[in-house]
Amino acid sequence: MKKIDPQLRRVLREFSKSYLLKREDAFAGMDFEELRTELAEIKDRALSKCRELCAQFEAKAREKGAKVHHAANGAEANRLVHSILKGHGAEFLVKSKSMVSEETRLNEYLFRKGIEVRETDLGEWIMQLAGEPPTHMVLPAIHLTRKDVAQIFSRRLGKEVPDDIPALVEVARDELRREISRAGAGLTGANALIAENGSIMLVTNEGNGRIVSIMPPLRIVLASIEKVVPATKDALLLLKVLPRNATGQKITSYVSFIAPSPQQDLHLILLDNHRSEILADPLFREILRCIKCSACLNVCPVYQMVGGKRYAYIYMGGIGTLLTAWIHGLGESAELADFCLGCHRCEAFCATKIRIADLVIALRERLNREAGKPFWKRVAFDGVLAHPALTQVLFSSGRASRRVVAREKGFARNLPPPLGRYDRFRALPSPAPKSLTQRVRETLPQEQAGGRAARIVLFGGCLVEHFYPEVGLDALRVLTRLGYDARPAEPCCCGFPAANSGFRSSALKTFRRLMEGLEGAEAVLTLCPTCTTMLIRLGPDLMRTEKARNLAQKVVPFSRFLLEREKSRLQGLLSSRPLANSVTYHDSCHHKHVLGASRESREILEIVLGKKLQEMDEPDACCGFAGSFSISHPEVSESLLEGKLESIRKAEAQVVALDCPGCLLQIRGGCERKKENIEVKHTAQVLAERLCQKR
Amino acid sequence: MVSVRCDAEFIAKATAAGGEIVRLSDLGNALAFALDFLKQQDIKAVAFAPDVPLPSAGTETWPLLKPRSREDYLAAGAGLVRADYGVSSTGTLVHLDRSADEKIVWTLPPLCLCLLDSRRIVRDLDDISAVLSSHLSEAAFGEPQVSLVTGPSRTTDIECRLTLGVHGPGRLVILLHDGQAS
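Read top to bottom, the protein sequences are chains F and W.
Counting along the first sequence from 1, when you hit position 264 you're at 263 in numbering that gives the first Met the number 0, and nothing is skipped either side.
Counting along the second sequence from 1, when you hit position 132 you're at 131 in numbering that gives the first Met the number 0, and nothing is skipped either side.
Next up, chain W with everything else stripped away, as it sits in the complex:
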């Protein structure tokens, strides 16, 4: 599905949209990087989306948020999420949502850390149009939705000047890795 060119294009376009890309060899390293990064940023509470493949052991050191209500998510300093696909022509992250909590983790915290497997980068949205369509058509479970995220939240509503971080995260860090270490 992916070629080296797609990788490079994705990085270029996602960066142009205001995202920050970190290139890592595998998922394990990506998660380790994420933990380090959160510590450096002094994040006290990180929300994680249910579909993030956290390691089975060793997460005691993570400042994980345990939300009881949606409002609790407002206290999160960062969100850790996972994208299903990347689209290189626009630098877009694609997520097939299954629950409302996933969308909240992507959207509420001011910093969003997103894991993306480089083998799941496609060139164009048209390439996964059938996947999107079938996800939306699936028999109702949770909240089937599709989210396309390109860069941090932005606005040019005042004097047409760009400012990042309105309703969504002001900072989007994409951890691009090549899958599970063999």
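If we strip away everything but chain F, and leave its shape as in the complex, we get:
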């Protein structure tokens, strides 16, 4: 099992924190939602006319004296660059940062052909000297310390270099200046290709873009076709968003708009390399809106743990997974696709509203179809969860096995060896003695349980049904107290675990069955945000039926339902027992990023608690559960959980409230392992305690 590098994790987490603060500042007084919606629309329109715009760009550029070339794929692009260099007798090329040139592996190709290549972006140059690929799209050497850099410089430049950052930068400046002045050619990428005047926009902080495009006599620009926009004002909008979202700067130190002219020896290479195929795919096409700002990387909990050495092929992170699948091949993206937590945090920050997490799920489906399904997932999703009867048998035997797999305080003990490794860092719950459905039949008289005709249906999901029935019972108790006619749904898996892993047909089997069971309900209240995500988003997306969409309209998270309907009544119903404990709140990923329900949960909790919540650091940091993720990547799951427990400890709260049974499992299990005396409760449990008589 791979280990998490604590030094790397610390650097990436610190960077993420400072990035978020700077970014907030940079967007102050602006409406990010409005800006990115506008940018997404401009990009979409440009993509729909990509061929036309590229033709216009080419015509304008040629008119002004540029030579324009087309490369169908990476190999052709490399050959073109080489032949242009050879045609001019240039044997030494300096480059400003270009992800596209990484994509085509230009440097390796030119090296094989005897051309010397020098990266001039400081981070890229460091990685070039180190002989390794960049690990971040904007900060290529983010994972290295100054000592690492000093060692690399000393080794490769043949002189002792102090590990003092200003000194290192000065060494770089002097070395690179010398190189740039002797270079026969300079190559840059482009942040935008402007069709109306055949110019390119280039942004850098170092100034190397400028230097590389003015010093050498021969200039080459290598850009992929989706970079084209119609007009200068579109490029200016891109300029408004890119630096702010990438590094939290209002603008980079240098922005150059370079128009061709006969005095320049300028070659523009427009690269396709599967862009046309992506354009033709109605589902994945939106990945071409990407402006390479790296905001998604900066907020990705997994990227922050493992960095770009693991979570990358050439392109990194969630968007990298998608680009890799198309550009470098489905097989190359398989391992990366597994890394996505499905927390949707990237989507909240994406400059062009790409549905990265949703598309990773769609990618997993394709991978299953074409590359085959992993065995244990086939058993779990096609086998067990797709067959409700089988699921029931499994959990009943789980309950029955309590004597052997001893149950203590609700945790499983003495798990047999193959399962044992999964509860090392957090105690796993054992199935409850009786499921929610069984408890409801016994505990609440038929009238109170609402009967089959009840208007409100409570859907707790599998974890509540089999492991935490008390959460479901508390929710029903609260609803009854408030006078609602509510019943629990027939137990059935919503299908999310299967859908999330790309097992579409198995997912839809159980989803359809769940839909049948929910027919006739006026409202479906949910206790698990992941099940809710399936009901309102993933399920309808997969089914594409009116029925699924109609059902989605009736689904509402439990806390939101109560806040919307009962806000004014709650005060009067509160138990008079004083509340001694301080309570903090954990934002579950789906609850916050998909349902946008965090504010409501906090509001209702503060009403019933009669006081403010004690906020923890980064309350929306993922706890690391993410379903099967904690099984396939236990080291990342453990690391994330550790971070969460640390935040809870620092907040000095006795109780953690949350809205997700999965997070409940993870955090409670973690507290048990670490012997933390902290209570972890679902919001429904807190509400029941405060609103209902002590039972």
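It cannot be assumed that every hint is accurate.
Stated by the list, open to error - Restraint ranges, calculated between C-beta atoms of paired labels, are given here:
1) Glu-605(F) <-> Ser-24(W): 55 to 63 Å
2) Asn-28(W) <-> Leu-20(F): 35 to 43 Å
3) Pro-261(F) <-> Ser-24(W): 41 to 49 Å
4) Ser-68(W) <-> Glu-115(F): 16 to 24 Å
5) Pro-261(F) <-> Ser-68(W): 30 to 38 Å
6) Gln-262(F) <-> Pro-52(W): 23 to 31 Å
7) Asn-28(W) <-> Ser-275(F): 55 to 63 Å
8) Ser-68(W) <-> Ser-82(F): 25 to 33 Å
9) Arg-111(F) <-> Cys-159(W): 48 to 56 Å
10) Arg-154(F) <-> Pro-52(W): 48 to 56 Å
11) Lys-43(W) <-> Arg-155(F): 27 to 35 Å
Please keep in mind that the hints were generated in silico from the structure rather than gathered at the bench.
This structure is a prediction, so every number in the text was calculated from the model and none was measured.
No residue lacks a Cβ here, since even glycine has one placed at the ideal position from N, Cα and C.
We have chain F already, so just place chain W on it with the hints.
Just chain W, lined up with the frame of chain F:
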């Protein structure tokens, strides 16, 4: 085009980006200040961009660089340039380049002295978007380009720590004046 508020905002934002602003009453004073400053800094060779309005007489005392090739610019201790516009919301200098030499003077020397007429400060890039667009569309002459410069050259590539002066100047001094003396 400009209001006093824009001036103040420009100064604040340009300073926050690492630039140094000197406020002068007119172009003449700005040039005099520049000469003084260069002497104080002991700069032996200063490159000047072709569009800098040097006084017609009295430049014998200036340590002017006479470059024969691009490489000669590497010897310049400072560059004297002129911005066409300032953008106050970001503290940005805008230059409508017409020749490669202009860009070289802005970029190569470690110290950049930039003249900016305060009457040419606008609030936002959007306010001059048409100007930029038309400059880029102009029939080819020299090398029509647009440069936006905000603060000195910088990097955070090592340990995310900020260092100024990588490929471009480590020091940017903006001489903000109110035009020709009447």
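Now the hints, each set against the structure:
no.: 1; hint: Glu-605(F) <-> Ser-24(W): 55 to 63 Å; result: holds, 58 Å
no.: 2; hint: Asn-28(W) <-> Leu-20(F): 35 to 43 Å; result: holds, 40 Å
no.: 3; hint: Pro-261(F) <-> Ser-24(W): 41 to 49 Å; result: holds, 42 Å
no.: 4; hint: Ser-68(W) <-> Glu-115(F): 16 to 24 Å; result: holds, 22 Å
no.: 5; hint: Pro-261(F) <-> Ser-68(W): 30 to 38 Å; result: violated, 21 Å
no.: 6; hint: Gln-262(F) <-> Pro-52(W): 23 to 31 Å; result: holds, 24 Å
no.: 7; hint: Asn-28(W) <-> Ser-275(F): 55 to 63 Å; result: holds, 59 Å
no.: 8; hint: Ser-68(W) <-> Ser-82(F): 25 to 33 Å; result: holds, 28 Å
no.: 9; hint: Arg-111(F) <-> Cys-159(W): 48 to 56 Å; result: violated, 34 Å
no.: 10; hint: Arg-154(F) <-> Pro-52(W): 48 to 56 Å; result: holds, 50 Å
no.: 11; hint: Lys-43(W) <-> Arg-155(F): 27 to 35 Å; result: holds, 33 Å
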